[in-house]
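2 protein chains.
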Amino acid sequence: MLDVARRAGVSQPLVSLVIAGSPTARVADATRERVLRAAKELGYRPNVVARALVSRRSYALGLIVPELRNPFFTDVVSGVERVAAEQGYALLLCDAMDVPAERHVEALRSRQIDGVIIDAMGAASLSPDALADLNVVLIDQPSDIYRCVTSDAAGAGRLAAEHLLEHGHRRIGFLGPASTLWAFRMRERGFAQALKAAGVGLRSDDFRRAPATAAGGLAAMQALLAAADGPTAVFCANDLMALGALKACTAAGVDVPGAMSIIGCDDIETARLVTPELTTVAVRAREMGARAARMLLRLVHGEAVRAMKPLAVRLAVRGTTGAAPAGV
Amino acid sequence: MLDVARRAGVSQPLVSLVIAGSPTARVADATRERVLRAAKELGYRPNVVARALVSRRSYALGLIVPELRNPFFTDVVSGVERVAAEQGYALLLCDAMDVPAERHVEALRSRQIDGVIIDAMGAASLSPDALADLNVVLIDQPSDIYRCVTSDAAGAGRLAAEHLLEHGHRRIGFLGPASTLWAFRMRERGFAQALKAAGVGLRSDDFRRAPATAAGGLAAMQALLAAADGPTAVFCANDLMALGALKACTAAGVDVPGAMSIIGCDDIETARLVTPELTTVAVRAREMGARAARMLLRLVHGEAVRAMKPLAVRLAVRGTTGAAPAGV
DNA sequence: TTGTAAGCGTTATCAT
DNA sequence: ATGATAACGCTTACAA
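Here the protein sequences come in this chain order: A and B. Heads up: the first sequence is residues 1 to 328, going by this note's numbering. Heads up: the second sequence is residues 1 to 328, going by this note's numbering.
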């Protein structure tokens with residue numbers, strides 16, 4: 001910057017003024033141009049680290065996910081990254097799979113991080129004041145303390161139930177994790193309530209707890225199929241489970257959707273790669289990530305942040321759901 | 001740090017000495033303990049930004065991928081992240097999908113990035129000296145100038161060919177992108193050479209160019225099936241294409257592997273989620289990411305970096321390959 | 001409109 | 001073994 005200043009024949013702070021280009025900067029046009037030209041000629045590149053030190057901001061956002069390889073979070077990351085990059089912010093990605101979220105938060109703190117986006121699971125794993133004094137946006141986890149972006153999880157469950165009911169199913173099962181995470185709980189609740197509202201009971205046998213993974217879905221569906229008299233359709237708490245369930249059916253020779261309808265939730269890319277294609281409730285994970293980033297940036301900039309209403313979900317009817325088998 | 005110094009009754013630079021804890025630091029044990037205790041009592045947390053400014057290192061690594069949502073790169077990122085986090089480095093993730101790689105490199109530079117890991121496509125899109133003076137490790141792209149980690153891409157093609165040959169296939173097709181990327185080229189070359197070595201010709205009709213995506217694989221396979229007299233097996237340049245090809249077969253009522261064998265490359269998670277499960281050549285993408293990170297860190301630390309031999313690939317025989325149909 | 005001076009939280013080089 | 005002192009590259013009063 002000093003070099004630029006000398007070349008332009010001005011003082012170094014003036015160069016700073018021009019480069020930072022703040023709206024209140026009142027610099028003579030001629031001077032500004034001279035500075036800008038000198039900067040270009042010298043190939044000057046501002047040093048964000050120095051800027052960060054003095055302004056006490058890092059121009060970087062932290063993002064903590066429970067597992068990057070979970071396709072849902074891959075999409076979230078993708079959305080956050082896009083917004084961050086467009087706005088000139090760096091994205092510090094943290095995967096809580098191998099390193100605890102708390103350690104990541106500490107690391108981000110020591111980097112003067114401007115804000116942190118964290119998923120429900122990560123947030124839950126933190127000690128109470130781990131996030132104190134930080135700009136925080138939670139993913140799919142309403143909170144009294146922090147801002148959040150959410151999807152209409154209850155609506156997702158409801159859509160799934162209604163879709164199944166419309167196809168004449170009356171024995172309907174549910175596959176989901178024994179999770180206390182808001183999104184999973186609400187998907188389940190919305191689903192159960194919609195069934196109840198339609199006067200359709202959910203038998204406890206048709207209700208299977210398993211990890212929200214393909215393996216979990218596979219095992220749960222196998223258990224369901226082993227029962228003499230099972231449901232004709234199931235809603236899975238997420239697509240990974242649904243994919244596992246589908247696999248279990250295919251392996252067992254159970255026709256999908258002829259003998260068993262399956263509906264998932266999330267709409268990950270793989271949903272359209274299997275045969276039949278997975279019917280699911282689409283959650284716009286990438287958009288959630290983008291929204292979280294935009295909200296966090298507003299927080300960082302001290303702008304007004306209004307709570308957003310849940311992101312609408314959409315039923316994506318594809319090949320794994322059909323009419324209930326006759327005579328059941 | 002000054003607060004800690006005062007509390008410990010020493011000077012501030014001395015605190016720096018014990019906190020940084022360099023091996024050459026000759027500090028009296030008593031003093032060191034006093035400082036450490038004061039630091040803990042005060043909840044002192046070192047400021048990485050300040051450290052970065054003076055040491056001209058950011059303790060951060062940049063990673064540029066062409067598209068995060070490509071499962072292969074998701075795995076690479078995951079591997080890089082783990083190593084970076086474990087070593088106390090931040091990972092600045094850049095997706096070249098929406099923002100050009102060159103812009104990302106510029107942004108990383110202005111953050112004094114310690115090193116950059118970049119994929120072949122991103123590297124190819126850069127102007128010649130965009131990476132000058134940076135610590136760089138390339139993913140799956142040998143180079144005279146930069147370090148790299150590679151997989152045994154030619155070996156992957158060879159494994160695929162041999163597997164198909166062993167099953168008696170003699171009319172074998174190939175689906176791949178018209179890419180100049182090293183990995184794709186080598187997979188293709190290894191495959192073609194192995195066929196040739198076995199005296200099996202590759203007819204130009206059985207050789208289909210399409211984007212390395214599921215949609216590309218689907219279209220290419222459809223074209224192949226439309227031909228009167230097609231191959232009995234195909235090797236796809238990556239799993240996404242193979243998955244698309246599989247879908248095309250299923251949709252067309254072509255039995256896999258009865259009438260058509262399909263083998264992919266990469267071994268992405270979805271490969272085991274479809275039915276039949278995809279036979280593929282497993283490339284350890286996450287390990288490649290981890291290796292790239294470790295190599296880059298050695299570079300950053302000025303340690304000796306020896307070129308690594310390509311990461312071995314492994315044939316994962318699953319359900320989409322079988323014996324060639326009789327009488328063909 | 002521009003220049004001067006101070007300082008952001010460290011590390012590093014000296015004396016002491 | 002420890003303490004001054006000077007950077008690192010920038011922003012931000014405040015003075016001119």
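Treat the hints as calculated values from the structure; they're not laboratory data. Some hints here could point you the wrong way.
When chains are identical, the list treats them as one kind, so a pair holds in a single copy or across two.
As the list claims (entries may be wrong) - List of simulated lysine to aspartate or glutamate pairs, EDC-like, C-alpha gap at most 20 Å: (1) Lys309 with Glu86; (2) Lys309 with Asp144; (3) Lys309 with Asp29; (4) Lys40 with Asp129; (5) Lys196 with Glu162; (6) Lys309 with Glu287; (7) Lys309 with Glu162; (8) Lys309 with Glu106; (9) Lys309 with Asp3; (10) Lys40 with Glu106; (11) Lys309 with Asp229; (12) Lys196 with Asp206; (13) Lys40 with Glu102; (14) Lys196 with Glu269; (15) Lys40 with Asp205.
Original post:
Within a copy, between copies, both or neither: where do Lys40 and Asp205 come within 20 Å Cα-Cα?
Top reply: neither (71 Å within a copy, 53 Å between copies)
Subject >> Intra/inter-copy verdict for Lys40 and Glu102 if alpha-carbon distance must be at most 20 Å >> reply: Answer is between: at 17 Å across copies they meet the 20 Å cutoff, but 43 Å inside does not.
Original post:
Should Lys40 paired with Glu106 be assigned to within, between, both, or neither, using CA atoms and 20 Å as the limit?
Top reply: Answer is between: at 14 Å across copies they meet the 20 Å cutoff, but 38 Å inside does not.
Subject >> Status of Asp144 relative to Lys309 across identical chains (alpha carbons, at most 20 Å) >> reply: Close inside one copy (15 Å), not across copies (53 Å); limit 20 Å.
**OP:** Go through the copies and call it for Lys309 and Glu162: within, between, both or neither, with a Cα cutoff of 20 Å.
**Re:** neither (22 Å within a copy, 56 Å between copies)
Subject >> Within, between, both or neither: Lys196, Asp206 at alpha-carbon 20 Å >> reply: Classified as within: same-chain Cα gap 15 Å, cross-chain 56 Å, threshold 20 Å.
Subject >> Within, between, both or neither: Lys309, Asp229 at alpha-carbon 20 Å >> reply: neither (41 Å within a copy, 56 Å between copies)
Original post:
Is it within, between, both, or neither for Lys309 and Glu287, if the alpha carbons may be no more than 20 Å apart?
Top reply: within (13 Å within a copy, 41 Å between copies)
**OP:** Give the relationship of Lys309 and Asp29 under a CA distance limit of 20 Å: within one copy only, between copies only, both, or neither.
**Re:** neither (45 Å within a copy, 57 Å between copies)
Subject >> 20 Å Cα threshold - placement of Asp129 relative to Lys40 >> reply: between (46 Å within a copy, 17 Å between copies)
**OP:** Indicate which option fits the pair Lys196, Glu269 if close means a Cα-Cα distance not exceeding 20 Å: within, between, both or neither.
**Re:** Classified as neither; 31 Å inside a copy, 36 Å across copies.
Subject >> Status of Glu86 relative to Lys309 across identical chains (alpha carbons, at most 20 Å) >> reply: neither (24 Å within a copy, 38 Å between copies)
Checked against the numbered hints listed earlier, the structure breaks hints 1, 3, 7, 8, 9, 11, 14 and 15; every other hint is satisfied.
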